[in-house]
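Given chain Z's structure and the hints, the job is docking chain W onto it.
Okay, here's what each chain looks like letter by letter:
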Amino acid sequence: MIRQYLAALHWTWLPVISMFLFLAVFLGVCIWVYRKESTEIYRSLSALPLQKEGDQR
Amino acid sequence: MSKSDSQMEHMETFHYDDEIVKRFTLVTLLWGLVAFLVGLYVALEMAFHQLNFGISFITFGRLRPLHTNAAIFAFAGNAIFAGIYYSAQRVLKTRMFSDKLSKFHFWGWQAIIVAAALTLPLGLTQGKEYAELEWPIDLMIAVVWVAFGINLIGTVIQRRVKHIYVAVWFYIATFVTVAILHVVNSVSIPVSLFKSYSAYAGVSDALVQWWYGHNAVAFFLTTPFLGLMYYFIPKAVNRPVYSYRLSVVHFWTLVFIYIWAGPHHLLNSAVPDWAQTVGMAFSVMLWIPSWGGMINGLLTIRGAWDKLRTDPVVKFLALALTFYGMSTFEGPLLSIKSVNELGHYTDWIIAHVHSGALGWNGFLSFGMIYFLVPVLWRTELYSKRLANLHFWTGTIGILLYVISMYTAGITQGMMWREVNAEGALAYPDFVQTVIRIVPLYAIRALGGAVYLGGFVVMIYNILKTIQLAPKAEKQETRDEFPRFVQKSFFSELSEAKSFSHRMLEGMPMILTVLAVVAISIGSVISLAPMVATNAMVQPNYDKELNRPYTPLQLAGRDIYVREGCYTCHSQMIRKTVGDVLRYGQESRIEDSMYDHPFQWGSRRIGPDLAREGKRYNHLWHYRHMKDPREVVAGSVMPTYPWLYKDKVDFGSLQKRISAMKTLGVPYSDEEVVNAETNARSEAEAILKDLSADGVTHAKVEHEIIALIAYLQKLGQRGGQ
Numbered sequence: 000m001i002r003q004y005l006a007a008l009h010w011t012w013l014p015v016i017s018m019f020l021f022l023a024v025f026l027g028v029c030i031w032v033y034r035k036e037s038t039e040i041y042r043s044l045s046a047l048p049l050q051k052e053g054d055q056r
Numbered sequence: 000m001s002k003s004d005s006q007m008e009h010m011e012t013f014h015y016d017d018e019i020v021k022r023f024t025l026v027t028l029l030w031g032l033v034a035f036l037v038g039l040y041v042a043l044e045m046a047f048h049q050l051n052f053g054i055s056f057i058t059f060g061r062l063r064p065l066h067t068n069a070a071i072f073a074f075a076g077n078a079i080f081a082g083i084y085y086s087a088q089r090v091l092k093t094r095m096f097s098d099k100l101s102k103f104h105f106w107g108w109q110a111i112i113v114a115a116a117l118t119l120p121l122g123l124t125q126g127k128e129y130a131e132l133e134w135p136i137d138l139m140i141a142v143v144w145v146a147f148g149i150n151l152i153g154t155v156i157q158r159r160v161k162h163i164y165v166a167v168w169f170y171i172a173t174f175v176t177v178a179i180l181h182v183v184n185s186v187s188i189p190v191s192l193f194k195s196y197s198a199y200a201g202v203s204d205a206l207v208q209w210w211y212g213h214n215a216v217a218f219f220l221t222t223p224f225l226g227l228m229y230y231f232i233p234k235a236v237n238r239p240v241y242s243y244r245l246s247v248v249h250f251w252t253l254v255f256i257y258i259w260a261g262p263h264h265l266l267n268s269a270v271p272d273w274a275q276t277v278g279m280a281f282s283v284m285l286w287i288p289s290w291g292g293m294i295n296g297l298l299t300i301r302g303a304w305d306k307l308r309t310d311p312v313v314k315f316l317a318l319a320l321t322f323y324g325m326s327t328f329e330g331p332l333l334s335i336k337s338v339n340e341l342g343h344y345t346d347w348i349i350a351h352v353h354s355g356a357l358g359w360n361g362f363l364s365f366g367m368i369y370f371l372v373p374v375l376w377r378t379e380l381y382s383k384r385l386a387n388l389h390f391w392t393g394t395i396g397i398l399l400y401v402i403s404m405y406t407a408g409i410t411q412g413m414m415w416r417e418v419n420a421e422g423a424l425a426y427p428d429f430v431q432t433v434i435r436i437v438p439l440y441a442i443r444a445l446g447g448a449v450y451l452g453g454f455v456v457m458i459y460n461i462l463k464t465i466q467l468a469p470k471a472e473k474q475e476t477r478d479e480f481p482r483f484v485q486k487s488f489f490s491e492l493s494e495a496k497s498f499s500h501r502m503l504e505g506m507p508m509i510l511t512v513l514a515v516v517a518i519s520i521g522s523v524i525s526l527a528p529m530v531a532t533n534a535m536v537q538p539n540y541d542k543e544l545n546r547p548y549t550p551l552q553l554a555g556r557d558i559y560v561r562e563g564c565y566t567c568h569s570q571m572i573r574k575t576v577g578d579v580l581r582y583g584q585e586s587r588i589e590d591s592m593y594d595h596p597f598q599w600g601s602r603r604i605g606p607d608l609a610r611e612g613k614r615y616n617h618l619w620h621y622r623h624m625k626d627p628r629e630v631v632a633g634s635v636m637p638t639y640p641w642l643y644k645d646k647v648d649f650g651s652l653q654k655r656i657s658a659m660k661t662l663g664v665p666y667s668d669e670e671v672v673n674a675e676t677n678a679r680s681e682a683e684a685i686l687k688d689l690s691a692d693g694v695t696h697a698k699v700e701h702e703i704i705a706l707i708a709y710l711q712k713l714g715q716r717g718g719q
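Heads up: the sequence lines are chains Z and W, in that order. Taking numbering that gives the first Met the number 0, I'd label the letters of the first sequence as residues 0 to 56. Taking numbering that gives the first Met the number 0, I'd label the letters of the second sequence as residues 0 to 719.
Since the hints were made in silico from the structure, they are not lab data. Just to be clear, a hint being listed does not mean it is correct.
What the hints assert, rightly or not - If the Cβ cut is set under 7 Å, some of the chain Z residues that face chain W in the computed set are:
#1 17
#2 24
#3 26
#4 30
#5 32
#6 41
Backbone N, C-alpha and C define an ideal beta-carbon position, used for all residues, glycine too.
Bound-form chain Z, shown alone (with noise of 0.2 Å):
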């Protein structure tokens, strides 16, 4: 019975549930990353490797 309901299956609606999935995921970061707030914690964030070591400085 699960062997002739899978065979009948057609998965090609998949493709385009994913293309809809990944739209999602893409517009829902870059709406996270363009917030306002996030100015001030990226610039620190990014800043992050150039600080000196204890040694250096």
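For chain W alone, coordinates are given in the frame of chain Z:
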């Protein structure tokens, strides 16, 4: 006192564990040398088949997996760990969580590499690309990888900074995804200490394997290197990353998309069409995050372009990014079905892979090591001129390599499908298409030799640099930073307007869970066809024709897997005109439904074997394996003299058939019990046939008899 100040206590002094970084850096050089040397040797074997020497453990089929494993897991793996251990401590402002775990990780990983180097040439393999290692080593990998993960996550948790820098996100995603990929793909049933069968078969195994295989590239050779890029490029040019926002978009889109793309390795195959379309569509989408990341990296150098002339570190890193951009443009291009039809199974793929491996992974590792060694050993680089020499020899080596392989791949792909006015193949003999490209194999080997030469110069330069280092006591970098007080989830919730950022970018567990969710969605959908695969088998197929392998055929198949035949021969006739004209009806699900593991392969240095059975008589195969050139003039295939001396272990056949039965292959209890007897009687029949054709020295037990039995079975299921 501001709110953030109030969260901090006094400044703390601490030391970074630099010893572990030094160790991983040095073994990167050692294993890089091994990986490149073996790579050069297998390249030479393809140009000059005599170099196989008829010696089992240096034959191409056994050495090629050693080369790929050494390049990926030994060279790139150790480079990744060196970079992660260095950068994670510094951006998290803390020492690694546990020195003991760091040491266990280091020695455990080296033990795995040594085990791989010993077992692969001996033919102890699971026969799945980039996952060849047998089950005890798979278990070792799982244990060591978990130790690495605990150490990494523990370090993140004990950090002194509030938010987690994006490089560390890439490291976390690497850890969780590789763990999942490895565990799922490695599920197998052991038959002995060094023999096991994949739990999946045929189409299912192909889907799982390329879900793993593609994402091994994504999450072992891309995400960790991107993390390193986001740390070492800003460090090298002393400028912050061009756009941190873009790096966040880069991370989430890459992690979300990459995992879907596996089926692009199976285009035009027996995998359901919709799954192929999903793989193709998501591969094309990968252009967005990949190029976003590359542009972000290159623009970070903006304002410091002069360093490209003066600083070897920046040169290597910038060119690595350029190769990343080229590879990630080409990958999606090759995933388009019509382009893939031409490029798949040819050296075009080899060129693509090596522009990524040598250019992106190699050059980024080199740039990182040239940066790290003077810092860690507190000295200056011995010679910038030698570093520049390395840069140019490496670049010329890559260009020689990829140009020759692009030419070989496109030439052979065009020849395979060219038809004459009558609609017949213009080059019906496969070997015609091989002979044409053998000179290009020699040029490829030259390119590899030049690249290796540059690497030897690097090793000399680094060793001399270390010699220059002051002979001080054990030196660890000291740093100081105020302690960041972790707050509870609920107290965070009640204050701080940036809580949402804190949640995503400052709480490792939530970040990890979201990353797992992102990769799980794609994984579930990519692997969904597995559920339906069995249902797609034709219900009215000929049960007699579709009998599982006989015990002797299974013994022959094990030999086929042991010798790494899949490294040169595919077993998948694609739904393309060229393939069908050359090899017969396209492969169907039924053809490989009992294949644990599947052997579809990814390259045709020799012809496809999906319907090889009954194409030639036993004597042809007997002579062919002894000396391929005796029956196919111009063949580049190695000789296999040991198959005519070594004996099949008939005593173990019952166990092997029983294991297959456990995996769902329909053997009766009687077939399991009589496995040895049936195998001997089938071997005797083949021997009798060979004797009638004048073969005098063969014996029932010889491995060649079992291999012939297997080869004659190929294509006898499914269609004809």
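Hint by hint, here is what the structure shows:
For residue 17(Z), the suggested interface contact is upheld, since its CB lies about 6 Å from the closest CB of chain W, less than 7 Å. A distance limit of 7 Å between C-beta atoms decides the matter here; for residue 24(Z) the minimum to chain W is near 5 Å, and the interface restraint holds. Hint status for residue 26(Z): violated, given a least beta-carbon distance of 10 Å to chain W, over 7 Å. A distance limit of 7 Å between C-beta atoms decides the matter here; for residue 30(Z) the minimum to chain W is near 10 Å, and the interface restraint is violated.
Against a cut-off of 7 Å between C-beta atoms, the interface hint on residue 32(Z) holds, since the closest Cβ of chain W lies about 4 Å away. For residue 41(Z), the interface hint holds, the least distance from its beta-carbon to any beta-carbon of chain W being 4 Å, beneath 7 Å.
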